[in-house]
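One line per chain: the protein sequences are Y and L, in this order.
Going by the working numbering, the residue at position 123 of the first sequence is 123; the numbering climbs one at a time, nothing skipped.
Going by the working numbering, the residue at position 205 of the second sequence is 1205; the numbering climbs one at a time, nothing skipped.
Hints listed in this document are in silico derivations from the structure and should not be mistaken for laboratory results.
Every residue, glycine too, gets a C-beta built ideally from N, C-alpha and C.
Each hint should be verified, as a subset may be incorrect.
[Claimed, not checked] Cut-off 27 Å, straight-line C-alpha distance, at most; resulting in silico cross-link-like pairs (DSSO-like, lysine-lysine):
#1 Y:Lys395 to L:Lys1041
#2 Y:Lys180 to L:Lys1032
#3 Y:Lys371 to Y:Lys421
#4 Y:Lys379 to L:Lys1112
#5 Y:Lys128 to Y:Lys195
#6 Y:Lys154 to L:Lys1032
#7 Y:Lys154 to L:Lys1041
#8 Y:Lys154 to Y:Lys316
[Claimed, not checked] Footprint (simulated), chain Y over chain L, 3 or more residues, beta carbon under 8 Å:
#9 1005-1014
#10 1024-1033
#11 1190-1198
Each chain is listed here by its residues.
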Amino acid sequence: MKLKTHLAIVAAKTSHFILKNILHRSATAFPGKIALKIDPNLLQNLNEKSTTILVTGTNGKTLTTALCAKIMRTAGFKVMTNSSGSNMIQGIVNTLIMQQSKNHNNQKSVAILEVDEANMAQVSAALKPEFIVLTNIFRDQMDRYGEIYTTYDKILAGIKKVPQATLIVNGDSPIFQRNKPQNRQIYYGFDLTNKNENRQAPSNTDGVLSPTDHSILHYRFLTYANLGAYYSVTDDFKRPPLNYAVTKINNLTPKESEFEIEHKPFRIEIGGLYNIYNALAAYALACELGIKPETVQRTFEQNQQIFGRQEAINIKDKELTIVLIKNPVGANAIIDLMLTEKDPFSLGVLLNANYADGIDTSWIWDADFEKLHQASIKKVIVGGERYRDIHVRLKMGGFPTQDIEPDLTKLVNHLSNVPTKKIYLAATYTAMLQLREQLAKSGYLKGGF
Amino acid sequence: MNLTIQIAHLYGNIMNTYGDYGNIVALRYYAKMLGIVVNDKIVSLGDPLVADEYDFMLFGGGQDFEEKVLAPDFRQKASIMQEYIENGGPMLAVCGGYQMLGQYFVMSNGEKISGLGVLPHYTVNQANSRFIGNITIKNSQTQETYHGFENHQGRTFLGAGEQPLGEVISGHGNNGEDQSEGVIYQNVFGTYFHGPILTRNGNLAKRLLKIILNRKLPEKDWDTLVDPLPAENF
């Protein structure tokens, strides 16, 4: 290892220690930033000994990465992972520096890293991953990249750096069939063979044109958004054969999902059809690494904490579930999740428009909030810095009575007084962080912020 | 009141990227206050367009790829669109839809695509850059201020007979040069505003609603009915 690399690592570790233990601040990105200043080629020099797996796509990166890490730990691997969701280059450098030192025996070592789409080219070139897991590409933070095809091109740029890497690809997503790279590809998806609906995606769905003749794709069945068993009616373009498939959905509730992969039963302690895709991606990767399906099964059943973004928090006698929203597909998935709730509940929506949220709030109009009329909602509360936008969205969506509460302190009090035991609160990223900070201050968040 | 407004949502299943559907939600919201129903129907690739069946058309923004794919299909409907527009047919065209009504547009990769050619404006590209951010404009005739969010690569220049929807107070507007934003031609309103424009600018939504209703049922005094409706402006 070069002197510069050593210096960079020492500097990062020192700043990490000071930030975390003396200043009690978040230390997920800054130490990496310092280290990169000292040694710009640090990433290349850091990761010589491990098998590297990158996870990218607009939605589901964090959970897929967490599930993969957990499975590999259960299977006996030494795992490095950016579990805090810090997926830009500094965060990845930070992860590798902080976790590498602990690896001093001969255990098989893997780095499983979620990577922001725009950072793929840089990270992929430096780390030379053996596997790249592609989750999906939905409309996300359009203010940054403009179009889903632009996002895909950024991911492709990363893939092109490593033609020898195996791609674990969501086969249900048609965009991954555009300008297909030459890499070995393994497909996962849903194979609900009893269905043949010959339908199109709902009109407000992105990415529904066939990459071959640009006709609007049809589907044997849709799972959500533009995912499913697609085919062209004008030529022979269709979904590729799946290597790993969900063959049945048995039960969906807001808290757990039961389904079958290759006719074997699986259960995950989290709701939402979209999370089954994440579990399936992790399953596919595990199998490719030679891990037994039973190990995956066992890991899924053991787990609760990995689903941190959807944990339930008690506020007095209320049960608050916070869910992250950031784009229409994600929001629609959350709305579907809420519809699996049998009990009456209160709905909260917090909208911010900072850089990390996406500065364009227009997407809220593409989310199908009207569908929530099917649920038993007893109270609607809106907040966040852009409370006005979400207020008008829900008002025009047929929810005339809302409590508007942009003040977070008051909001937390407010939540403890809603007329239902259950509360579902959807928030954009920075709004969620602000709320969690407030909940920690009020003593409702065990273990602090 | 037993009245239904029929909306043609042009290419709404592929030009649907920036929340522009919300414009229909907003119109429906205000119409409902008068007991009027709003129906929307997608007219897309390969679908016939019978202009007489509609009281309003919405054409939203999308991505370059989809815009390029639909262009030949839309050009086949040019004479129908021209007749609808010249007869005072009301329309809101946003972003890509607004570009598509004009002479041509140049995509981000430099490729030039012919538009419908019904309106004289044209759109050129900018290299590796987009106009992204909040925007405020003012219409000097009505003195109304409109707020929105712009996110576009194309730079549009208006032609003879076209008035801007407003002058830029903050943001970029049509092209970042002449302070104009959007277009008004007959009863066609074009804009780069997302947000969407009618959800955040109730004054404009009501103006469009009056145009639609006055054309549909001219014997009624719609101004008196629509003007007092409480509007969302922010």
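Hints, verified against the model:
Restraint check for Lys395 (chain Y) and Lys1041 (chain L): the C-alpha separation of about 23 Å stays at or below 27 Å, so the hint holds. A threshold of 27 Å between alpha carbons decides the hint, and for Lys180 (chain Y) with Lys1032 (chain L) the separation of about 48 Å lies outside it, so the pair is violated. For the hint pairing Lys371 (chain Y) with Lys421 (chain Y), the CA-to-CA distance comes to about 22 Å; that is within 27 Å, so the pair holds. Between Lys379 (chain Y) and Lys1112 (chain L) the CA atoms are separated by roughly 51 Å; this puts the pair beyond 27 Å, and the hint is violated.
Taking the CA atoms of Lys128 (chain Y) and Lys195 (chain Y), the gap is about 40 Å. The hint is violated against a cut of 27 Å. At most 27 Å may separate the alpha-carbon atoms for a hinted pair to count; Lys154 (chain Y) and Lys1032 (chain L) exceed this at roughly 44 Å. For the hint linking Lys154 (chain Y) to Lys1041 (chain L), the alpha-carbon distance of about 35 Å lies beyond 27 Å, and the restraint is violated. Under the criterion of a C-alpha separation no larger than 27 Å, the hint pairing Lys154 (chain Y) with Lys316 (chain Y) is inconsistent with the structure, at around 46 Å.
With 4 residues having a beta carbon nearer than 8 Å to a beta carbon of chain Y, the region 1005-1014 of chain L meets the requirement of three or more and the stated coverage holds. Residues of the region 1024-1033 of chain L with a Cβ under 8 Å from some Cβ of chain Y number 4, which satisfies the need for three, so the listed coverage holds. Residues of the region 1190-1198 of chain L with a Cβ under 8 Å from some Cβ of chain Y number 3, which satisfies the need for three, so the listed coverage holds.
Checked against the numbered hints listed earlier, the structure breaks hints 2, 4, 5, 6, 7 and 8; every other hint is satisfied.
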